[in-house]
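Visitor: Below, each chain spelled out in residue letters.
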Amino acid sequence: MDPDRQLVDRARTGDLAAFEQLVERHRDVVYRVGARMVGPAEAEDVSQDAFLRAFHRLPSFRGDAPFRAWLLRITQNAALNHQARRRPEPTEAVATLVEDAGDGQERTPADRLEERERRERLEGKVRQLSSTHRAVLVLRDIEGLSYGEISQVTEMPLGSVKGRLHRARGELINLLRANAYDWGLPE
Amino acid sequence: MSDAPDGDELTAAEQRLLDYLEALRSRPPQADDEIVTTVVRAARWHALARPYLLAAGGMGAALVAAVAALAGSPRRA
Chain B
38 MDPDRQLVDR ARTGDLAAFE QLVERHRDVV YRVGARMVGP AEAEDVSQDA FLRAFHRLPS
98 FRGDAPFRAW LLRITQNAAL NHQARRRPEP TEAVATLVED AGDGQERTPA DRLEERERRE
158 RLEGKVRQLS STHRAVLVLR DIEGLSYGEI SQVTEMPLGS VKGRLHRARG ELINLLRANA
218 YDWGLPE
Chain F
5 MSDAPDGDEL TAAEQRLLDY LEALRSRPPQ ADDEIVTTVV RAARWHALAR PYLLAAGGMG
65 AALVAAVAAL AGSPRRA
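Those sequence lines, one after another, are chains B and F. Numbers given in this note's numbering equal positions in the first sequence, counted from 1, plus 37. Numbers given in this note's numbering equal positions in the second sequence, counted from 1, plus 4.
One or more of the hints may lead you astray.
[Stated by the list, open to error] Cβ pair distances, simulated, as ranges:
id, chain 1, residue 1, chain 2, residue 2, range
1, F, Ala27, B, Gly200, 31 to 41 Å
2, F, Pro33, B, Gly200, 35 to 45 Å
3, B, Arg156, F, Met63, 50 to 60 Å
[As the list claims (entries may be wrong)] Stretches of chain B that chain F covers, calculated by requiring three or more beta carbons in the stretch to come under 8 Å of a beta carbon on chain F:
id, segment
4, 85-97
5, 101-107
6, 110-119
7, 201-210
Calculated from the structure, these hints are not laboratory results. By construction, the Cβ of each residue, glycine as well, lies at the ideal position given by its N, Cα and C atoms.
All chains, full assembly: derive it from the sequences and hints.
Guide: As structure tokens, then:
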């Protein structure tokens, strides 16, 4: 049973309080997926766009899949539309970071700065993935959705989800290996 | 959230990649609290405007159909 079903039914009849509860319940995951797909600067626009699209499409929501999966599908499409409308991100500068400071040592500000830069670089590389690969990788490896739920979000069979995820990881590994920064990925 | 393990053995590179991605997962971007207010306010406005927009759209469609019918009607000699 979809935990959102009652709220969805009420929202479909125009109950804005029910819709508000749905937004409250799902805003974090929608925002996170938007941010992972297009970057933090546009995540809020993508989130608002996704929720408003969902609001308008509620009458056509049939309940074949849970509301959350349906909403994430709309989020994914909203993110891709936003990305298609804007210019590509600038390519990153040559890395000037230091290597690991070593285990067991107290983390210095430099360590924290490096960790943050590494995270930001990785987020940038995720956003460089092809759109079909990015969606499954974000949903599975970052958001931790089950294969079943990703299948509902992407409307792909389970086997295709697994195959696409495998190729997505391969694409990301290749992107990281081609990067000036040493990610230490084994062959 | 996850209910299924990866079916295949991961390569060393894939395992390292998942470790990096775990670092992203552990520091998720946070949505602003304002987002709920903004979305609901916009939805309320859309709900109010929808009947008028639909009516305007209907009138526009009728106008286009009328013009098309006139333009497509056979001319008299």
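Visitor: A separate judgement is required for each hint: does it hold in the structure or not?
Guide: Hints, one by one, checked against the model:
1. F:Ala27 - B:Gly200: 31 to 41 Å: 26 Å, violated
2. F:Pro33 - B:Gly200: 35 to 45 Å: 28 Å, violated
3. B:Arg156 - F:Met63: 50 to 60 Å: 53 Å, holds
4. 85-97: holds (count 5)
5. 101-107: violated (count 0)
6. 110-119: violated (count 0)
7. 201-210: holds (count 4)
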